[in-house]
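So the chains spell out like this:
Protein chains: 2
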Amino acid sequence: MYYVVVYDVNVDRVNEVKKVFREYMDWIQNSVFEGQLTRSEKEKLEGRIKEIIDTSEDMVVFYSTRAEKYLDKEVLGVEKSPTGTVI
Amino acid sequence: MYYVVVYDVNVDRVNEVKKVFREYMDWIQNSVFEGQLTRSEKEKLEGRIKEIIDTSEDMVVFYSTRAEKYLDKEVLGVEKSPTGTVI
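Which chain is which? The protein sequence lines are A and B, in order.
Counting from 271, one number per residue, gives the positions in the first sequence under the numbering used here.
Counting from 271, one number per residue, gives the positions in the second sequence under the numbering used here.
Any given hint could be a false lead.
For lysine to aspartate or glutamate, the following DMTMM-like pairs were computed, each having C-alpha atoms within a straight-line distance of at most 25 Å [stated by the list, open to error]:
| # | chain 1 | residue 1 | chain 2 | residue 2 |
| --- | --- | --- | --- | --- |
| 1 | B | 312 | A | 342 |
| 2 | A | 289 | B | 296 |
| 3 | A | 339 | B | 278 |
| 4 | B | 289 | A | 338 |
| 5 | B | 320 | A | 293 |
| 6 | B | 289 | A | 293 |
| 7 | B | 289 | B | 316 |
| 8 | A | 350 | B | 327 |
| 9 | A | 288 | B | 349 |
| 10 | A | 312 | B | 344 |
| 11 | B | 343 | A | 344 |
| 12 | A | 288 | B | 293 |
| 13 | B | 314 | B | 349 |
| 14 | B | 339 | A | 293 |
| 15 | A | 343 | B | 344 |
| 16 | A | 314 | A | 293 |
Which residues of chain A face chain B? A partial, calculated answer using Cβ under 10 Å [to be verified]:
| # | residue |
| --- | --- |
| 17 | 298 |
| 18 | 300 |
| 19 | 301 |
| 20 | 325 |
| 21 | 328 |
| 22 | 330 |
| 23 | 341 |
| 24 | 342 |
| 25 | 346 |
| 26 | 350 |
Treat the hints as calculated values from the structure; they're not laboratory data.
The beta-carbon is built from N, C-alpha and C at its ideal position, and this holds for glycine as well.
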């Protein structure tokens, strides 16, 4: 599956969350990652993130499609990390 | 088309960008909106956002799929705005 992850996490935990995501996915912009994950990679990643976040305060969203080709991407402005097309 | 928008915009412009997105889409969390847009709504929205942002510094990403059903969504932690399922 192809994933786009966005998160809104307390400043005390956000760096640790970012470090874990960097191991599995591509950094796109502040609090946004993209990448292909197998089921087991996703489960491992999810488990590690759950250990860090406070589920009563933080929010992490995994958007996914069966493959990257099913997800169109358009960027306005500067590409903070060159993985997509620019309008 | 169903859209997820994420943005990484300078603090001087971010409130104005947020205000415009609120007119067209649902606020999900910090710098993330979701919603169904027709082609003309998308064009209008894009035009208004381009007038606000500094394209040499800010980044706005429009992810889209043909319909919401093609985009799976999983939320870890608290749902900051109740439009999806929680794991």
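Broken hints, by number: Hints 2, 4, 5, 6, 12, 13 and 14 contradicted; others consistent.
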